[in-house]
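Peer 1: As a plain string of letters, each chain reads:
Protein chains: 4
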Amino acid sequence: MITLMKALILNCTLKPTPESSNTDILCQKAAAEFEKLGVTTTILRPVDYNLLPGVASHMGEGDEWQKILDQILDVEIVVIASPIWVGQLGSVAKRVIERLNAIFHEKELSDPKTGQFLVYNKVAGALVTGNEDGAHYAIMNILWSMEEFGFTIPPNVNAYWVGVAGPGPSYAEAGGDRHLYTNKTYKVMVHNLVYFAELLKEHPIPTDMLKIEEEAKKESDEKSS
Amino acid sequence: MITLMKALILNCTLKPTPESSNTDILCQKAAAEFEKLGVTTTILRPVDYNLLPGVASHMGEGDEWQKILDQILDVEIVVIASPIWVGQLGSVAKRVIERLNAIFHEKELSDPKTGQFLVYNKVAGALVTGNEDGAHYAIMNILWSMEEFGFTIPPNVNAYWVGVAGPGPSYAEAGGDRHLYTNKTYKVMVHNLVYFAELLKEHPIPTDMLKIEEEAKKESDEKSS
Amino acid sequence: MITLMKALILNCTLKPTPESSNTDILCQKAAAEFEKLGVTTTILRPVDYNLLPGVASHMGEGDEWQKILDQILDVEIVVIASPIWVGQLGSVAKRVIERLNAIFHEKELSDPKTGQFLVYNKVAGALVTGNEDGAHYAIMNILWSMEEFGFTIPPNVNAYWVGVAGPGPSYAEAGGDRHLYTNKTYKVMVHNLVYFAELLKEHPIPTDMLKIEEEAKKESDEKSS
Amino acid sequence: MITLMKALILNCTLKPTPESSNTDILCQKAAAEFEKLGVTTTILRPVDYNLLPGVASHMGEGDEWQKILDQILDVEIVVIASPIWVGQLGSVAKRVIERLNAIFHEKELSDPKTGQFLVYNKVAGALVTGNEDGAHYAIMNILWSMEEFGFTIPPNVNAYWVGVAGPGPSYAEAGGDRHLYTNKTYKVMVHNLVYFAELLKEHPIPTDMLKIEEEAKKESDEKSS
Numbered sequence: 001m002i003t004l005m006k007a008l009i010l011n012c013t014l015k016p017t018p019e020s021s022n023t024d025i026l027c028q029k030a031a032a033e034f035e036k037l038g039v040t041t042t043i044l045r046p047v048d049y050n051l052l053p054g055v056a057s058h059m060g061e062g063d064e065w066q067k068i069l070d071q072i073l074d075v076e077i078v079v080i081a082s083p084i085w086v087g088q089l090g091s092v093a094k095r096v097i098e099r100l101n102a103i104f105h106e107k108e109l110s111d112p113k114t115g116q117f118l119v120y121n122k123v124a125g126a127l128v129t130g131n132e133d134g135a136h137y138a139i140m141n142i143l144w145s146m147e148e149f150g151f152t153i154p155p156n157v158n159a160y161w162v163g164v165a166g167p168g169p170s171y172a173e174a175g176g177d178r179h180l181y182t183n184k185t186y187k188v189m190v191h192n193l194v195y196f197a198e199l200l201k202e203h204p205i206p207t208d209m210l211k212i213e214e215e216a217k218k219e220s221d222e223k224s225s
Numbered sequence: 226m227i228t229l230m231k232a233l234i235l236n237c238t239l240k241p242t243p244e245s246s247n248t249d250i251l252c253q254k255a256a257a258e259f260e261k262l263g264v265t266t267t268i269l270r271p272v273d274y275n276l277l278p279g280v281a282s283h284m285g286e287g288d289e290w291q292k293i294l295d296q297i298l299d300v301e302i303v304v305i306a307s308p309i310w311v312g313q314l315g316s317v318a319k320r321v322i323e324r325l326n327a328i329f330h331e332k333e334l335s336d337p338k339t340g341q342f343l344v345y346n347k348v349a350g351a352l353v354t355g356n357e358d359g360a361h362y363a364i365m366n367i368l369w370s371m372e373e374f375g376f377t378i379p380p381n382v383n384a385y386w387v388g389v390a391g392p393g394p395s396y397a398e399a400g401g402d403r404h405l406y407t408n409k410t411y412k413v414m415v416h417n418l419v420y421f422a423e424l425l426k427e428h429p430i431p432t433d434m435l436k437i438e439e440e441a442k443k444e445s446d447e448k449s450s
Numbered sequence: 451m452i453t454l455m456k457a458l459i460l461n462c463t464l465k466p467t468p469e470s471s472n473t474d475i476l477c478q479k480a481a482a483e484f485e486k487l488g489v490t491t492t493i494l495r496p497v498d499y500n501l502l503p504g505v506a507s508h509m510g511e512g513d514e515w516q517k518i519l520d521q522i523l524d525v526e527i528v529v530i531a532s533p534i535w536v537g538q539l540g541s542v543a544k545r546v547i548e549r550l551n552a553i554f555h556e557k558e559l560s561d562p563k564t565g566q567f568l569v570y571n572k573v574a575g576a577l578v579t580g581n582e583d584g585a586h587y588a589i590m591n592i593l594w595s596m597e598e599f600g601f602t603i604p605p606n607v608n609a610y611w612v613g614v615a616g617p618g619p620s621y622a623e624a625g626g627d628r629h630l631y632t633n634k635t636y637k638v639m640v641h642n643l644v645y646f647a648e649l650l651k652e653h654p655i656p657t658d659m660l661k662i663e664e665e666a667k668k669e670s671d672e673k674s675s
Numbered sequence: 676m677i678t679l680m681k682a683l684i685l686n687c688t689l690k691p692t693p694e695s696s697n698t699d700i701l702c703q704k705a706a707a708e709f710e711k712l713g714v715t716t717t718i719l720r721p722v723d724y725n726l727l728p729g730v731a732s733h734m735g736e737g738d739e740w741q742k743i744l745d746q747i748l749d750v751e752i753v754v755i756a757s758p759i760w761v762g763q764l765g766s767v768a769k770r771v772i773e774r775l776n777a778i779f780h781e782k783e784l785s786d787p788k789t790g791q792f793l794v795y796n797k798v799a800g801a802l803v804t805g806n807e808d809g810a811h812y813a814i815m816n817i818l819w820s821m822e823e824f825g826f827t828i829p830p831n832v833n834a835y836w837v838g839v840a841g842p843g844p845s846y847a848e849a850g851g852d853r854h855l856y857t858n859k860t861y862k863v864m865v866h867n868l869v870y871f872a873e874l875l876k877e878h879p880i881p882t883d884m885l886k887i888e889e890e891a892k893k894e895s896d897e898k899s900s
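As given, the protein sequences belong to chains A, B, C and D, one line each in that order. Per the working numbering: the first sequence ends with 225, consecutive numbering throughout. Per the working numbering: the second sequence ends with 450, consecutive numbering throughout. Per the working numbering: the third sequence ends with 675, consecutive numbering throughout. Per the working numbering: the fourth sequence ends with 900, consecutive numbering throughout.
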């Protein structure tokens with residue numbers, strides 16, 4: 001199969017380019033693995049863009065969300081990468097998720113024929129690093145949100161590294177880039193994401209959301225949602 | 226395509242059969258939809274079984290987990306359904322998830338050739354009802370756990386109903402079974418689960434976890450995980 | 451001040467007595483610190499009791515929840531300790547939380563004069579160990595649930611230890627009992643819990659929930675909740 | 676007792692002043708109740724300020740976090756209010772929490788004599804509104820973060836309103852401001868917050884974190900944290 005896939009890794013570090021980011025090291029590894037499998041990969045830091053708060057695609061003057069959204073819509077594979085702060089997903093990743101919320105209510109983000117959200121047939125994964133506990137919780141938050149928007153979540157599409165309890169060195173500083181479990185899991189993530197992206201390209205999801213809504217009305221009191 | 230799929234809905238209500246369960250009403254709806262698509266569906270209440278605490282498949286005398294595990298391994302589609310208590314996933318669903326943890330360390334639950342967990346190529350979804358807020362949080366918990374075990378999570382494979390703030394009538398009592406959004410989403414869930422189950426049956430995931438682990442060792446300090 | 455306080459540590463390990471429990475080592479440390487401050491401390495494993503699923507205090511034949519509930523009602527300080535499985539709070543801790551849900555609807559668990567739940571003026575903390583990430587998420591779950599039931603949550607009343615990413619040795623096996631951050635935090639937890647327990651004994655919360663409900667009705671449509 | 680307390684409600688809506696905010700209606704109710712109890716109350720929208728991403732108190736040119744931090748440090752009671760998006764806490768509340776993270780590592784945010792974080796002896800609560808499920812999860816996230824920073828969490832210091840499943844009218848639009856449970860709980864929140872704020876003003880927490888750290892070192896391998 002000739003692969004012409006594209007992946008976008010959104011490194012939701014709080015640090016603008018070119019500051020060094022521990023999370024970036026893990027993103028680089030994943031990108032190299034994607035490239036090995038023939039997938040053109042872009043790493044981008046949302047913090048480099050002016051992302052205004054809001055749940056519409058266009059939030060007015062100065063808002064640069066559209067630039068990121070365009071890239072999301074252009075690729076088959078999206079990976080959200082984030083540091084952990086206070087044991088939870090960082091605010092930049094949260095902002096990205098929040099902006100994607102427009103999918104639920106903007107007509108241009110759905111297929112008029114099937115009602116499918118425009119990210120249907122795309123796949124998503126998660127990368128998380130922190131000097132302290134919180135990775136599974138952050139990953140759960142990312143993957144669930146992406147599933148809700150219409151991305152497919154293949155098995156085992158996450159990798160992480162955290163230090164033991166309390167403050168301490170971060171991923172690269174602590175040699176986490178040499179940690180076997182993390183190295184195995186980011187590779188599995190990449191392989192599973194690429195496989196599913198190809199599968200869905202050849203066999204797109206046929207679900208007709210509009211027709212299903214009509215069916216649902218028959219057993220419901222409301223006549224519109 | 227001739228479908229010979231099987232689905233298992235684990236209704237993790239706290240109430241043993243034959244007590245009435247609000248969550249069961251939503252499970253019945255999903256089961257009927259699965260059957261319409263030619264999928265043989267079983268609804269089962271884990272609370273009817275003696276599930277001892279532990280993270281191994283066999284926890285000794287009286288433990289009946291194997292009966293549920295056998296059914297999980299026998300189907301292509303698994304749906305975890307649960308009520309909400311104290312704004313979170315119920316303890317029975319939690320117990321089921323905990324018992325599946327054996328997947329990570331029991332050899333018999335992995336394919337010796339690829340290292341894939343035995344639930345690879347199966348798909349999972351979630352149904353949640355409660356008289357009070359907590360559904361998204363519970364669903365997030367379920368879907369993420371299942372993804373971690375090796376299930377694929379297609380887009381939009383969850384449906385829920387909750388009341389407005391505070392105590393009040395539950396799903397069926399409040400007429401939630403006539404709520405359009407819930408009816409639409411459970412149907413979408415069923416359609417997407419069935420499509421992916423068929424897709425994975427014809428095109429199983431080729432990822433070789435053992436080979437990937439060998440690759441990972443080259444960039445790691447540990448030589449075994 | 452003469453302290454006549456009592457603390458109860460519920461070690462929600464999945465392993466019945468006398469199996470060795472990593473979480474127990476951390477519980478023992480906290481117990482020793484409580485005793486140093488003059489607080490009589492009991493460590494108890496809920497898994498040693500038959501705790502039937504349900505949200506009432508009495509779930510019928512064989513149910514032993516009342517034995518634990520009696521001890522909770524008898525002390526001023528309750529600590530929930532739990533291992534992490536699949537990146538989240540264990541099912542035994544979840545079961546304990548679920549059984550406490552009876553507080554919301556059983557008259558005998560509220561003060562008839564003020565409507566306060568009977569655990570008002572008690573304080574709660576959390577201890578978590580795991581070989582892998584998930585502590586903050588589990589702690590969040592515990593502390594929030596306890597706050598909802600009516601316990602007071604003083605600052606910094608949690609301590610934890612987890613290993614770096616993936617499978618590995620557990621708390622005691624890895625020497626986590628010699629980890630400074632964990633040792634500092636469990637001691638802070640104990641000191642803050644004891645201080646608040648004494649404070650609330652001398653200055654019990656005066657809030658009259660029944661009177662507040664009457665006030666609330668004046669700005670509400672429903673006339674009962 | 677003569678009350679000279681101050682409360683700060685951070686309405687973490689995504690909408691800048693003077694756009695109408697459903698969450699604001701609930702904040703106004705809480706503010707009126709605080710005032711009734713003699714507490715001077717300010718409602719402020721963090722979205723009106725330029726809060727740069729980061730975990731230090733000063734993130735460089737244009738950053739206005741200090742203006743909010745100053746107000747937090749000036750009051751005894753802090754309430755975080757937030758809408759729900761995608762079933763979870765909004766990104767503005769997340770940003771506020773993330774900026775407070777500086778408490779863990781900036782000397783000026785700790786008492787040099789006791790090592791206590793400067794928010795010790797302050798109390799925190801949470802208000803959440805959404806047209807769809809996610810309140811308990813968002814509240815859990817807020818309260819736990821605040822507890823970690825050093826705030827005390829009295830019992831039942833949260834109130835919320837959400838619609839039934841799926842899209843629909845928001846709090847005020849749906850008449851949620853007339854919902855008894857929400858009205859009762861915000862009042863209980865206010866009463867409990869005020870009581871604890873007064874209690875801690877008269878009886879500040881004596882815990883000496885520096886001394887405890889020295890004690891902890893005796894049973895630890897590391898000699899600094």
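Take these hints with a grain of salt, some might be off.
What the hints assert, rightly or not - With a straight-line cut-off of 25 angstroms between C-alpha atoms, the simulated DSS-like cross-links for lysine-lysine are:
| # | chain 1 | residue 1 | chain 2 | residue 2 |
| --- | --- | --- | --- | --- |
| 1 | D | LYS704 | C | LYS673 |
| 2 | A | LYS218 | B | LYS338 |
| 3 | D | LYS898 | D | LYS876 |
| 4 | B | LYS442 | A | LYS36 |
| 5 | C | LYS661 | C | LYS557 |
| 6 | C | LYS479 | C | LYS557 |
| 7 | B | LYS338 | A | LYS36 |
| 8 | D | LYS892 | C | LYS661 |
| 9 | D | LYS892 | C | LYS651 |
| 10 | A | LYS107 | A | LYS15 |
| 11 | A | LYS107 | A | LYS36 |
| 12 | C | LYS479 | C | LYS456 |
| 13 | B | LYS261 | A | LYS217 |
| 14 | C | LYS479 | D | LYS711 |
| 15 | A | LYS201 | A | LYS113 |
Derived by calculation from the structure, the hints in this document are not laboratory data.
Peer 1: Each of the hints needs a verdict: does it hold here or not?
Peer 2: For each hint, the structure was consulted:
no. : hint                 : result
1   : D:LYS704 to C:LYS673 : holds (19 angstroms)
2   : A:LYS218 to B:LYS338 : violated (48 angstroms)
3   : D:LYS898 to D:LYS876 : violated (34 angstroms)
4   : B:LYS442 to A:LYS36  : holds (17 angstroms)
5   : C:LYS661 to C:LYS557 : holds (17 angstroms)
6   : C:LYS479 to C:LYS557 : violated (37 angstroms)
7   : B:LYS338 to A:LYS36  : holds (23 angstroms)
8   : D:LYS892 to C:LYS661 : violated (50 angstroms)
9   : D:LYS892 to C:LYS651 : violated (32 angstroms)
10  : A:LYS107 to A:LYS15  : violated (34 angstroms)
11  : A:LYS107 to A:LYS36  : violated (37 angstroms)
12  : C:LYS479 to C:LYS456 : holds (16 angstroms)
13  : B:LYS261 to A:LYS217 : holds (17 angstroms)
14  : C:LYS479 to D:LYS711 : violated (45 angstroms)
15  : A:LYS201 to A:LYS113 : holds (18 angstroms)
Comparing the model with each numbered hint stated earlier shows that hints 2, 3, 6, 8, 9, 10, 11, 14 do not hold.
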